[in-house]
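Here the protein sequences line up with chains A and B, keeping their order. Per my numbering, the first sequence starts with residue 1, numbered consecutively. Per my numbering, the second sequence starts with residue 1, numbered consecutively.
Since the hints were made in silico from the structure, they are not lab data. Just so it is clear, the structure is predicted and the values come from calculations on it, not from any experiment. Cβ atoms here follow ideal geometry from the backbone N, Cα and C, with glycine treated the same way. Treat each hint with caution, since some may be false.
To be verified - Which chain A residues face chain B? A few, computed with CB under 7 Å, are given here:
{"hint": "1", "residue": "V346"}
{"hint": "2", "residue": "Q349"}
{"hint": "3", "residue": "L530"}
{"hint": "4", "residue": "N531"}
{"hint": "5", "residue": "S555"}
{"hint": "6", "residue": "S557"}
Stated by the list, open to error - A few chain B positions that, by computed beta-carbon distances, are all more than 10 Å from chain A:
{"hint": "7", "residue": "L150"}
{"hint": "8", "residue": "A177"}
{"hint": "9", "residue": "D215"}
{"hint": "10", "residue": "S238"}
To be verified - Within a straight-line C-alpha distance of at most 25 Å, the following computed SDA-like cross-link-like pairs (lysine to any residue) qualify:
{"hint": "11", "chain 1": "B", "residue 1": "K140", "chain 2": "A", "residue 2": "F353"}
{"hint": "12", "chain 1": "B", "residue 1": "K58", "chain 2": "A", "residue 2": "Q350"}
{"hint": "13", "chain 1": "A", "residue 1": "K128", "chain 2": "B", "residue 2": "A141"}
{"hint": "14", "chain 1": "B", "residue 1": "K279", "chain 2": "A", "residue 2": "T506"}
{"hint": "15", "chain 1": "B", "residue 1": "K346", "chain 2": "A", "residue 2": "I48"}
{"hint": "16", "chain 1": "B", "residue 1": "K342", "chain 2": "A", "residue 2": "A43"}
{"hint": "17", "chain 1": "B", "residue 1": "K206", "chain 2": "A", "residue 2": "F139"}
{"hint": "18", "chain 1": "B", "residue 1": "K49", "chain 2": "A", "residue 2": "D512"}
{"hint": "19", "chain 1": "B", "residue 1": "K163", "chain 2": "A", "residue 2": "Q133"}
{"hint": "20", "chain 1": "B", "residue 1": "K58", "chain 2": "A", "residue 2": "F353"}
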Amino acid sequence: MRFWQELTRSVKQSGVLLWGAPLALLAVFFFIPMAAILNVMFAQSGDIVFSDSLRPLGFTVFQALLSTLLTLLLGLPAAYVFARFDFTGKRGLRMLTMLPFVLPTVVTAVAFNALLGPRGWVNLLMMKLTGAQAPPINFLNTFTAILVAHVFYNIAIIIRVVGNAWSQLDPRLENSARVLGASPWRAFIEVVYPLLRRPILSAALLVFLFDFTSFGVILMLGGAGFSTLEVAIYTQALHNLNLPMAGLLSLIQLACTVIILLLYGWSSQGNDVPLFPRLSGEGTRKPRSAVEKGTVALMVIILFTLQVLPLFALVSRSLVRLEGERGQRGKVQSGLTMDYYRELFVNRQQSVFYVPPSRAVINSMSYAGITMLLSVGAGTLLAYAMVKRPATRRWLDPLVMLPFGASSVTLGLGLLIAFSGSMLSRASFPWLVPLAHSLIAIPFVLRTVQPALSAMPKSLCQSAAVLGASPARAWWEVEMRLLSRPLLVGGLFAFTISIGEFGATTFIARPDNPTVPVAIFRYLAQPGGLNYGQAMAMATILIVICAVSIGLLESLSRAINGSE
Amino acid sequence: MKRRLRVCALLSALLLTAGCTRAAATETATPVLTVMTHDSFSVSETVVKTFEEEYGAKLVFLKSGDTGAALNRAILTRSHPEADVFYGIDNTYLSRALQEQIFVPYTPTALAQLPGEFKSGLSGMVTPIDFGDVCINYDKAWFIERGLALPATLADLAKPAYKGEAGNGLLVVENPATSSPGLAFLLVTIAEYGETGYLDYWRSLKQNGVVVVNDWETAYYTNFSASSGRGLQPMVVSYATSPAAEVIYASEPLNEAPTASITTANTCFRQIEYAGILKGTSQLELAQRFIDFMLSPVFQEDLPLQMFVFPVNPAATLPDDFLQYAAFAQEPARIDPVLISKNRDKWVTEWTRVMLP
């Protein structure tokens, strides 16, 4: 009896009920497969040349640091504008900045080509204006393209994670500082920044790890001259079939991730200051002075150019034919067409692999929906564990973040071999794909929910209890209400990550459940104007469906939360 | 509040059922034959049905990335094979696959009818199914407009006439480290100039402004001037059948291909694709019948328009569109597959040092 009491007490104290299930998920779908594949890799034949790993390592760190800095440089002012100002088209613009997340890299490459390529709209326009024979802008296959694409993909993380925390900040704190004579800059450095330091670090960590493990962007936009660790792993594992070398590179990448996570843990030490949450929209107002108006306008123009124009260029290529005058390097004729969309519904060669667009959309959406539910659930549990038992945070946080920095090629192969022949194999276990997606999505949910939860004053729930609410009711009506915004942001990322992820899942995707990216790839794998147009049309459908879903989720959250 | 709860519950239920309906797989007694293959694989519904009805079986195709990725999976999962048949291994990977011993021997009787060039190096393990030549494709109108003669040999490509503007040469090639047509073209240059001379040849191509990209999709759709991406290079390393795809999948009906391939002697690499039965299969008998079926005219005649490759069986008739626009080389470059498997890493590494320092 005594023993049982002791046991239940220690179980309760460790918080295992909260983190147990998510951690089990992580163990089964990350640690076991990783261990299995590394074990197998080193048992295969192949030469290990340690020195060959140094150059990719150096370049990986360099480009990730630079990309993260650039993303912060543009993302922080954008987060500020979204958190503090009301302007026309704000919701729409914020939604559009999220869309790059769902695009497979091959589609992003095509979008940038349609905008900035030698025959992209910008070059066509400039050639027409200046009468030049050669395209003036050379963007593709450059280091600049890598940086721009990384900002294009990741700026939404800064805008959402930092912007969300910023909008929750009591504007009176800043105002008091100003009344007491502080300059706006000093008020920011001494009042706002200390309160935003944790979310900024958090968002920067996510961005850095995304850039650190970047793969498709490097391959397709950077071109053949650049190689990151992840690209080297891909080449060694899947082209040279040199598995021991791929294993070594994976270990190096994993070790770097651990170092980064420890550095992050060390730099983000300290306790969150409990802050009374503000009414949504309380801190926002219309820009007043010329400087404010100018700032908002500039940010809107930058975001529009960076995030929205490539999407427009992509959509335009699904509707516009570039025909005639082939062979002339300058002139191109164009014409509007709906043929590409019409053709999507035709299985012209009667192929068994033809995917009706509706089926691809349903498959993508159900994977994304399940990923969202799984990661919101697991992420929230973990956030509670870390807030209720702060001691767990030190080891739990890096553990949960680890899949983020692991090689997706290696993890994909690991998932493949760890469960082959068992009931968890991809043939018999349809949840394998959303589970793999959740591994990457959970850190996002955790990063948005945990700060909000730890900054929530205890007195709120206590007041509710004093007023007679049951614990469940207090939790639902107080905590969940206050968490609905961070939960939404985390959920949105989970949703979009699942739709766009094309790394680990290619190894475990089920042939009978083709998703939209799979359908896009099928078209782009063969020559022909119709194939190209259909790929663009399918990508446009993906963008539109995601825009609608994001819009719906946002209004759902607004409905729960009361107002904006 | 209650209503909101209900909305949430409904939403989650919907999403869950969407995931679960597919979980309840139909269990039947029909034997299932699983074929592991690469992402470019395609076949007609009717052809699949023909086999399924004849043998009362179900065919499942497991697409597993490109050729290298698919082979890697077959090797990694050999203790619990995911499939019964592997289709799509090419002659650049063949010796590696044989060395890993992932196949069980099988020689179909129809093999005897095939031309001799397809029958070397099989070791009784694999069966050739199709072939296609990796050749340089060019933008026809561009060359006509410039009045420039087509290069006829590899040496021509290094001549000043094909130099192009600064940083924008006339030819785009794929990186042999990440792309199989890229590797094929590297092998062509090694066949022509030998192990001692190929790097010097590539240096001269580099001086002529050759553009290197990582994958076929980028090379064709972003850089090649005659594709829908409308890039800057009028020549691309692609397949000799690509012009046929340009006609068949044109945005508007064309009666002439906008592109063509250069198929002169020793400028193309012939990729032959093989199928083999994976060790550990529980459907040996059915797998053998499927290999037989793949050599039969029904399957062979379906290949051209599905995958833009040529059937190996000379008895198969080709579709008109394909016959008219697709090409193959009379004298493709020759290079020993054993040598390829032994040296590919070395060659690719040396090439990378020269071309992408």
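Taking the hints in turn, this is what the structure says about them:
no.: 1; hint: V346; result: violated, 12 Å
no.: 2; hint: Q349; result: holds, 6 Å
no.: 3; hint: L530; result: holds, 4 Å
no.: 4; hint: N531; result: holds, 5 Å
no.: 5; hint: S555; result: violated, 11 Å
no.: 6; hint: S557; result: violated, 11 Å
no.: 7; hint: L150; result: holds, 13 Å
no.: 8; hint: A177; result: violated, 5 Å
no.: 9; hint: D215; result: violated, 7 Å
no.: 10; hint: S238; result: violated, 7 Å
no.: 11; hint: K140(B) x F353(A); result: violated, 32 Å
no.: 12; hint: K58(B) x Q350(A); result: holds, 18 Å
no.: 13; hint: K128(A) x A141(B); result: holds, 21 Å
no.: 14; hint: K279(B) x T506(A); result: holds, 24 Å
no.: 15; hint: K346(B) x I48(A); result: holds, 13 Å
no.: 16; hint: K342(B) x A43(A); result: holds, 20 Å
no.: 17; hint: K206(B) x F139(A); result: holds, 20 Å
no.: 18; hint: K49(B) x D512(A); result: holds, 17 Å
no.: 19; hint: K163(B) x Q133(A); result: holds, 17 Å
no.: 20; hint: K58(B) x F353(A); result: holds, 15 Å
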